[in-house]
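Enquirer: Can you make the complete structure from the sequences, with help from the hints?
As they're listed, the protein sequences go chains U and C. Just so you know, we're using the working numbering here: the first sequence kicks off at 4 and counts up by one. Just so you know, we're using the working numbering here: the second sequence kicks off at 35 and counts up by one.
It is possible that part of the hints are untrue.
[To be verified] Think about it this way: if two alpha-carbon atoms lie no more than 16 Å apart in a straight line, the pair counts; the simulated EDC-like pairs of lysine to aspartate or glutamate are:
| hint | chain 1 | residue 1 | chain 2 | residue 2 |
| --- | --- | --- | --- | --- |
| 1 | C | Lys43 | C | Glu86 |
| 2 | U | Lys134 | C | Asp211 |
| 3 | C | Lys322 | C | Asp375 |
| 4 | C | Lys153 | C | Asp211 |
| 5 | C | Lys136 | U | Asp197 |
| 6 | C | Lys85 | U | Glu126 |
[Stated by the list, open to error] Just so you have them, the derived chain U footprint on chain C, three or more residues with Cβ under 8 Å:
| hint | segment |
| --- | --- |
| 7 | 102–114 |
| 8 | 127–138 |
| 9 | 179–192 |
[Stated by the list, open to error] Pair by pair, the computed Cβ-Cβ distance ranges are:
| hint | chain 1 | residue 1 | chain 2 | residue 2 | range |
| --- | --- | --- | --- | --- | --- |
| 10 | C | Ala56 | U | Glu50 | 45 to 51 Å |
| 11 | U | Leu48 | C | Gln187 | 42 to 48 Å |
| 12 | U | Ala21 | C | Ser227 | 53 to 59 Å |
| 13 | U | Ile30 | C | Asp199 | 54 to 60 Å |
| 14 | U | Ala21 | C | Arg148 | 23 to 29 Å |
| 15 | U | Ile52 | C | Arg201 | 52 to 58 Å |
| 16 | C | Ala59 | U | Arg44 | 42 to 48 Å |
| 17 | U | Ile52 | C | Gln187 | 45 to 51 Å |
| 18 | U | Ile52 | C | His166 | 50 to 56 Å |
| 19 | C | His166 | U | Val63 | 44 to 50 Å |
Worth flagging that the hints you see were computed from the coordinates, not collected in a lab. Since we're looking at a predicted model, the values are computed, not measured. Even glycine gets a Cβ: it sits at the ideal position worked out from N, Cα and C.
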Amino acid sequence: MELFPGFGPLLLSVKLAALTTLILLIIGTPLAWWLSTTRARFKPLIETIVALPIVLPPTVMGFYLLILLSPQGVVGSWWLELTGETLTFSFSGLVIASVLYSFPFVVQPLQSSFEGISHDLMEAAYTLGAKPLDAFFSIAVPLAKRGFLTAGVLGFAHTLGEFGVVLMVGGNIPDETRVVSIAIYDHVEMLEYDKAHILSIILLVFAFLAILLMYTVNHRQGHRR
Amino acid sequence: MKANHCRIKLQREDFTVEAEFALPAQGVTGIFGHSGSGKTTLLRCLAGLEKEVQGHIEINGQTWLSDSQNLSSQDRNIGYIFQEGRLFPHLSVQANLDYGVKRCSTQNTTSLDRDHLFKLFNICHLLERKPHQLSGGEKQRVAIARALLKNPQIMLLDEPLASLDERRKQEILPFLDRLHREFNIPMLYVSHSIEEVTRLCDYILVIEQGHIQFEGRLHEALVAPESPLAKASNAAAVLDGTVIKQEKEFQLSTIQTSNGNNIIVPGVANPGQQVRIHIHANNVSLCKRAISDSSILNIIEGTISAIIEKTGSHALLQINSRNDIFLARITKKSHHQLGLDIGQRIFMQIKAVSIYGT
Numbered sequence: 004m005e006l007f008p009g010f011g012p013l014l015l016s017v018k019l020a021a022l023t024t025l026i027l028l029i030i031g032t033p034l035a036w037w038l039s040t041t042r043a044r045f046k047p048l049i050e051t052i053v054a055l056p057i058v059l060p061p062t063v064m065g066f067y068l069l070i071l072l073s074p075q076g077v078v079g080s081w082w083l084e085l086t087g088e089t090l091t092f093s094f095s096g097l098v099i100a101s102v103l104y105s106f107p108f109v110v111q112p113l114q115s116s117f118e119g120i121s122h123d124l125m126e127a128a129y130t131l132g133a134k135p136l137d138a139f140f141s142i143a144v145p146l147a148k149r150g151f152l153t154a155g156v157l158g159f160a161h162t163l164g165e166f167g168v169v170l171m172v173g174g175n176i177p178d179e180t181r182v183v184s185i186a187i188y189d190h191v192e193m194l195e196y197d198k199a200h201i202l203s204i205i206l207l208v209f210a211f212l213a214i215l216l217m218y219t220v221n222h223r224q225g226h227r228r
Numbered sequence: 035m036k037a038n039h040c041r042i043k044l045q046r047e048d049f050t051v052e053a054e055f056a057l058p059a060q061g062v063t064g065i066f067g068h069s070g071s072g073k074t075t076l077l078r079c080l081a082g083l084e085k086e087v088q089g090h091i092e093i094n095g096q097t098w099l100s101d102s103q104n105l106s107s108q109d110r111n112i113g114y115i116f117q118e119g120r121l122f123p124h125l126s127v128q129a130n131l132d133y134g135v136k137r138c139s140t141q142n143t144t145s146l147d148r149d150h151l152f153k154l155f156n157i158c159h160l161l162e163r164k165p166h167q168l169s170g171g172e173k174q175r176v177a178i179a180r181a182l183l184k185n186p187q188i189m190l191l192d193e194p195l196a197s198l199d200e201r202r203k204q205e206i207l208p209f210l211d212r213l214h215r216e217f218n219i220p221m222l223y224v225s226h227s228i229e230e231v232t233r234l235c236d237y238i239l240v241i242e243q244g245h246i247q248f249e250g251r252l253h254e255a256l257v258a259p260e261s262p263l264a265k266a267s268n269a270a271a272v273l274d275g276t277v278i279k280q281e282k283e284f285q286l287s288t289i290q291t292s293n294g295n296n297i298i299v300p301g302v303a304n305p306g307q308q309v310r311i312h313i314h315a316n317n318v319s320l321c322k323r324a325i326s327d328s329s330i331l332n333i334i335e336g337t338i339s340a341i342i343e344k345t346g347s348h349a350l351l352q353i354n355s356r357n358d359i360f361l362a363r364i365t366k367k368s369h370h371q372l373g374l375d376i377g378q379r380i381f382m383q384i385k386a387v388s389i390y391g392t
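Expert: Below you can see the structure in the form of structure tokens.
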């Protein structure tokens, strides 16, 4: 079902971004909380690893991921044994790559909003009978909702715009790894500027609206507090 | 008096708190000390907020701290009042008040009448508001009610008035008095203000550099020669008594202490009312004979029971009258000229206008 040229890649990108964001929120939240509260000496090391994808060229990351995820690689061979499928040039491999690639965009906003929550309030919750997990969900999470919004929007938008890593790890297989940024590149290569225009303007408008939403909501809440 | 025994040791890089003391099972116990003396740390150890503490705490037969365990805050049935209230900013006052109630076993809370408590703390009109819409005093009242609602075994108050200005302090103090009178919950009250401690407490621990310097009944702690409080420049004796007479035309009341001394104080109070009066050492002068034609209304006979200290030009004397203990600070010169010594009969003159009651 092709509603308009490029609908397939667009849908695939949205699916990839949504799944990646969900996974990142689940694993990024405890890590961000730990980073915001720990006094461990190796904390800077963990923070560095988390931040690495921001500065690392996507091709470098993609290259190492290709080696890791390939059927001969550590992770890839294990996955092959487990599921009978390869990770390279597959949607599952793309999800793993995206999770790593967008990691800092979810963990960092969460960490900084957790750091803004006074530990004093958590203590007050404990003295009122709340167990640590209960206090986390009833005090820390609601107070960090701006951080969750920022993390969600940035994680989603950043995954949507992913190009270099996908090219290295996923290639260009329709409905499997041909995400919207790859499709745009393809169209341009083949001088189909009209098709490239449609997809590009959709991404541009989406990016603009997502970030506008983030700033508007955060701004309004900033005033209410 | 029934008491819980506590032994606490907490070692920090630059600071050690090491204290062993009895914690009365009823009434208000003050933990008095200057800032940095370790009094808040001591309270946090009792609350289970310090993980590295060692020692032994047993409250009402339940072990909170021993060699093998350090019960978490949520498992100690405490009510903790922080200096700044610490209301949850994203929750309404009502939701803040419910927070602790929801998290403790139901049989715990039924004995408390919510409406009565809300009226007592004058917070009925605040329930729909958010914490940022409250004044400092209102926040602290809500925080106290929030802690009380879970019906704690013990209330721990960490300088609940320190973040408030003088007017707000005066606004909250009566609520703390009520807390004391209406609820039969033992309280621990940390403060660096001797005024607050003498007003509210029955028993006192004086802490300095992480160690207990003195512990005992408030009345003794204020006048005992070995207590640091007796040597303070604003040293005062405290007496509890009952109003036995009022003189409306002169705006005076007569208080009788439990030991039978009658003391005239300013203000009209109803006969039968319990009051605590504060008599500063600087407002007590001494005389070898009773003078009848003096403007001073209170002339009380007693015996010099101790000479606490002689510093600079002053001498500080402890005087016992029918087992009520007073302090008198006079000049060394007068002390010398009158030839005062321990065991001597003496008349104290106390200006009624200088006495204040709470």
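Enquirer: All hints are to be evaluated individually against the structure, with a verdict given for each.
Expert: Hints versus structure:
At most 16 Å may separate the alpha-carbon atoms for a hinted pair to count; Lys43(C) and Glu86(C) meet this at roughly 9 Å. Distance restraint check for Lys134(U) and Asp211(C): the Cα-Cα separation of roughly 32 Å exceeds the 16 Å cut-off, and the hinted pair is therefore not satisfied. Proposed proximity of Lys322(C) and Asp375(C) is supported: the alpha carbons are some 12 Å apart, at most 16 Å. Straight-line distance between C-alpha atoms of Lys153(C) and Asp211(C) comes to about 15 Å, which keeps the hinted pair within the 16 Å bound.
The hinted pair formed by Lys136(C) and Asp197(U) fails the criterion: a straight-line CA distance of about 61 Å is larger than 16 Å. Proximity of Lys85(C) to Glu126(U) is assessed by CA-CA distance (about 12 Å); at most 16 Å being required, the pair is judged to hold. Counting residues of the segment 102–114 of chain C whose C-beta sits closer than 8 Å to any C-beta of chain U gives 6, which meets the bar of three, so the coverage hint holds. For the segment 127–138 of chain C, the assignment as covered by chain U holds, since 4 residues bring a beta-carbon within under 8 Å of that chain's beta-carbons and 3 suffice.
With 3 residues carrying a beta carbon less than 8 Å from a beta carbon of chain U, the segment 179–192 of chain C meets the three-residue requirement, and the given coverage holds. Between Ala56(C) and Glu50(U) the C-beta distance comes to about 48 Å, which sits within the given range of 45 to 51 Å. Taking 42 to 48 Å as the suggested C-beta distance range, the pair Leu48(U) and Gln187(C) conforms, at roughly 44 Å. Against the hinted window of 53 to 59 Å, the Cβ-Cβ separation of Ala21(U) and Ser227(C) comes to about 58 Å, which satisfies the hint.
Our hint of 54 to 60 Å for Ile30(U) and Asp199(C) is violated, since their Cβ atoms are close to 48 Å apart. One distance hint, 23 to 29 Å for the beta-carbon pair Ala21(U) and Arg148(C), is violated here, with the actual separation near 45 Å. Checked against the given bound of 52 to 58 Å, the beta carbons of Ile52(U) and Arg201(C), roughly 54 Å apart, stay inside it. One distance hint, 42 to 48 Å for the beta-carbon pair Ala59(C) and Arg44(U), holds here, with the actual separation near 44 Å.
Separation of Ile52(U) from Gln187(C) is about 46 Å and conforms to the stated range, judged on CB atoms against 45 to 51 Å. Between Ile52(U) and His166(C) the beta carbons are some 38 Å apart, a value that contradicts the proposed interval 50 to 56 Å. Taking 44 to 50 Å as the suggested C-beta distance range, the pair His166(C) and Val63(U) conforms, at roughly 48 Å.
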